[in-house]
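**Student:** So you can see what is in the structure, the chains are spelled out below.
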Amino acid sequence: MAIVSLRGIGKSFRIPSVRRDTVREHVFGLLHPRRFEELRVLDGVDLDVRAGETLGIMGRNGSGKSTLLKIVSGIYQPDRGEVRVAAAVTPILELGVGWNPELNAIDNIYLIGSVMGLALSEIRSAIDEILSFADLERFANLELRHYSSGMAARLAYSVAFKAVREILVLDEIFAVGDAGFRARCHQRYRELSAAGHTVILVSHEPYTIASFCHRAVLLEGGRIAMDDRAERVAEAYLRLLGGAAPAVPAPA
Amino acid sequence: MIAFPISAAPRPVPARRPRPGAHPLGLVWTLVRTDFKVRYHGTVAGFLWALLKPFTMFVVLLGVFSFVFASDRHYKINLIVALFLWDFFAEATKVGLTSLHAKGYLLTKARFPSWILVVTSVSNAVITLGVFSVVIVAFLGLAGRPPSLAGLGFFILYLGQYLLMVVGFSLATSVLFLRYRDLNQVWEVVSQAGFFVAPIIYPLGILPERLHFYLYVWPPTPVIQFSRMVLVDGVLPSTRAHLFLAGVTAVTLAAGILIFRRHAPRAAEYL
Ligand SMILES: Nc1ncnc2c1ncn2[C@@H]1O[C@H](COP(=O)(O)OP(=O)(O)OP(=O)(O)O)[C@@H](O)[C@H]1O
Ligand SMILES: [Mg+2]
Chain Y
1103 MAIVSLRGIG
1113 KSFRIPSVRR
1123 DTVREHVFGL
1133 LHPRRFEELR
1143 VLDGVDLDVR
1153 AGETLGIMGR
1163 NGSGKSTLLK
1173 IVSGIYQPDR
1183 GEVRVAAAVT
1193 PILELGVGWN
1203 PELNAIDNIY
1213 LIGSVMGLAL
1223 SEIRSAIDEI
1233 LSFADLERFA
1243 NLELRHYSSG
1253 MAARLAYSVA
1263 FKAVREILVL
1273 DEIFAVGDAG
1283 FRARCHQRYR
1293 ELSAAGHTVI
1303 LVSHEPYTIA
1313 SFCHRAVLLE
1323 GGRIAMDDRA
1333 ERVAEAYLRL
1343 LGGAAPAVPA
1353 PA
Chain A
26 MIAFPISAAP
36 RPVPARRPRP
46 GAHPLGLVWT
56 LVRTDFKVRY
66 HGTVAGFLWA
76 LLKPFTMFVV
86 LLGVFSFVFA
96 SDRHYKINLI
106 VALFLWDFFA
116 EATKVGLTSL
126 HAKGYLLTKA
136 RFPSWILVVT
146 SVSNAVITLG
156 VFSVVIVAFL
166 GLAGRPPSLA
176 GLGFFILYLG
186 QYLLMVVGFS
196 LATSVLFLRY
206 RDLNQVWEVV
216 SQAGFFVAPI
226 IYPLGILPER
236 LHFYLYVWPP
246 TPVIQFSRMV
256 LVDGVLPSTR
266 AHLFLAGVTA
276 VTLAAGILIF
286 RRHAPRAAEY
296 L
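Heads up: the protein sequence lines correspond to chains Y and A, in order. Be aware that the first sequence starts at 1103, since it is given in this note's numbering, and climbs by one per residue. Be aware that the second sequence starts at 26, since it is given in this note's numbering, and climbs by one per residue.
Worth double-checking, as some hints may not be accurate.
[Said to hold, decoys possible] Listed next, the stretches of chain A that the computed footprint assigns to chain Y, with coverage defined by at least 3 CB atoms under 8 Å from CB atoms of chain Y:
id, region
1, 120 to 133
2, 213 to 220
3, 237 to 246
[Unchecked claim] With the C-beta cut set under 8 Å, the calculated list includes, among others, these residues of chain A facing chain Y:
id, residue
4, Thr59
5, Lys62
6, Val63
7, Arg98
8, Lys101
9, Phe137
10, Tyr205
11, Asp207
12, Leu208
13, Glu294
Calculated directly from the structure, the hints in this document are not laboratory data. Cβ coordinates follow ideal geometry from the N, Cα and C atoms, glycine included.
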C-alpha cells in the first residue's frame, strides 16, 4: 500500500525578468508591465512510496529534488497534480538555517520540538538525550550564534531524529558533521528504518543511496527518468553526469 | 516507470508519533516565553526598561505640552493613557508585520498552523499593556477616582478589540511583507504620522468637529478616546460609538484573516 502517492505533480517558479520585491519598485514599475520567466521545475512527477520503504532520490543540482521533498512535506504547494500522504512527515531540510541565534540550545530545542509536534513534557524528558546524541552537553547554555556550523547541524539532526513521525524526509543529510557523528547518524537512521519508518532520502552520493535505500529514482527534466533498484540508479546517475561508473556496493 | 519487487518483507508500523499542531498550547507557550527572553534578555529589569520608554516620552512631552494645554485639568492622565495605548499599537504592528519573516526558519521544519507565529508575536506588547493597565487603574483608585465597574469592563473590552485589530493587521501584513520587502519602511512612515493623527499629545476638542470623523477612522483614535472617557471622565461612549468600534474591529480582523489564508500556503516559497 502506498503511504505517499504523487500523481502528475507540476511546480513552476515565476522568475521575474525584472525582479520587483518592494512597494517602491511596484509603484514605479506600473508603467512597464511585469514580465516573468516561467521556470518549470517539476513537470508531471508520478511516484508511489510504500510504507516501510526507503527511497532514494538523485538528480543534478537544480533538478528539483528539494522542491519535491518540500511538496511531500506540505511546505510547498504543487501547481498541478495530486499529493496523497497517508501519514505524518518529519522533514529534515536546510539545516543550519533553522535557529534563533539569540537563544541557547535548550530554548531552541523547545522551539523546534514544539513546532514538530512534541509536547513540552516530551521535550523536557528528551533534552538530555538530544544533547548527548549531538555531543553538545557542554554547550547547552550557549547561544546558537556562537555555534560552529557543524555543531548547529548536529543539534538539528538530533532534535529531528527525536521527533520523527511515520515518514522521514531527508535532504543531503549525511553531508555534515564529523566522522564520529556521521557514524551515529547512520546507526540511528538504520534503527529508524528497521523500526518500520518510511524514509525518503536525497543525496548526490551514489554510495549513500546504494547502501541505505531499497529503491531509488532519478529526477531529470522535471520528471522521474528512472525508477529502479538503488544501485542501478546510482550507476545511471554517475553515467548521466559523464563520470565513469565505479562499482557500487550492493545494499547491506 | 519500471516496477520491481521490494526485497524487504513488510515491517511493523511504528508506534504513535507526534503530529504537528498536536500540542498547540505548548507551541504557543514556547513562542511567548522565548520572545520575552529574546526581547528582555530574560530578566525583570529588562522588562522594566521597556516600561520606561513610554514613561520617558511622557515626562518629556509633559514638560512641553502641559504649558500649552494648561487649561485642561486631566491633561497628564490623558496623556499617559494615550501614550501607553499608542506604544502598544506601534510596537505590536511593527513586530507583527515582520513576524513571519523573522520566524520563517520554523516554516521549513514542519507543516503546522503558521498563524500561531503571527498571533503570538504581539505577546510582548500585550504583556506591557497589561502591566500598564493594572498600574493605571490602581493609580486612579489611589488618587480617589476609581473607574466604575462598568467603565472597567468597557476598558477591557476596548483593549480586546484593539488587540484583535492589531492581530488582523499583523496577519495581513506579515504575509504581504514576504512579497513586498519594504512594507516595513512604508509602515514606519505611516506609523510616525499616525502618532500625530491620533489625539495623543493634544485633546481632540481643539480640532474642528468636521475633522473628527476622519481621525476616528485611524484605529488608535477611538480606542484612546473611549478609554479616556471610561477611565478618566467616568462617562460611557454612546451605543453608536461602540458599534463603530466593533465594526472597525470586525472588518480589520476579517480582512486580515482573508489575506492571510490566501497567501500563507505559499509563504515558505517567498522566504
Ligand atoms: N522558492 C523558490 N523561488 C524561486 N525558485 C525556486 C524556489 N525554490 C526552488 N527554486 C528553483 O527551483 C529549481 C530547483 O531547486 P531545488 O532546490 O529543488 O533543486 P535541487 O534538485 O534540490 O538541487 P541541489 O542538488 O542543488 O540541492 C532551482 O532552479 C531553483 O532556483
Ligand atoms: Mg537540494
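**Student:** Could you run down the list of hints and mark each one as holding or not?
**Tutor:** Structure-based check of all given hints:
no.	hint	in the structure
1	120 to 133	holds (count 4)
2	213 to 220	violated (count 0)
3	237 to 246	violated (count 0)
4	Thr59	holds, 5 Å
5	Lys62	holds, 7 Å
6	Val63	holds, 5 Å
7	Arg98	violated, 44 Å
8	Lys101	violated, 37 Å
9	Phe137	holds, 6 Å
10	Tyr205	holds, 5 Å
11	Asp207	holds, 4 Å
12	Leu208	holds, 6 Å
13	Glu294	holds, 6 Å
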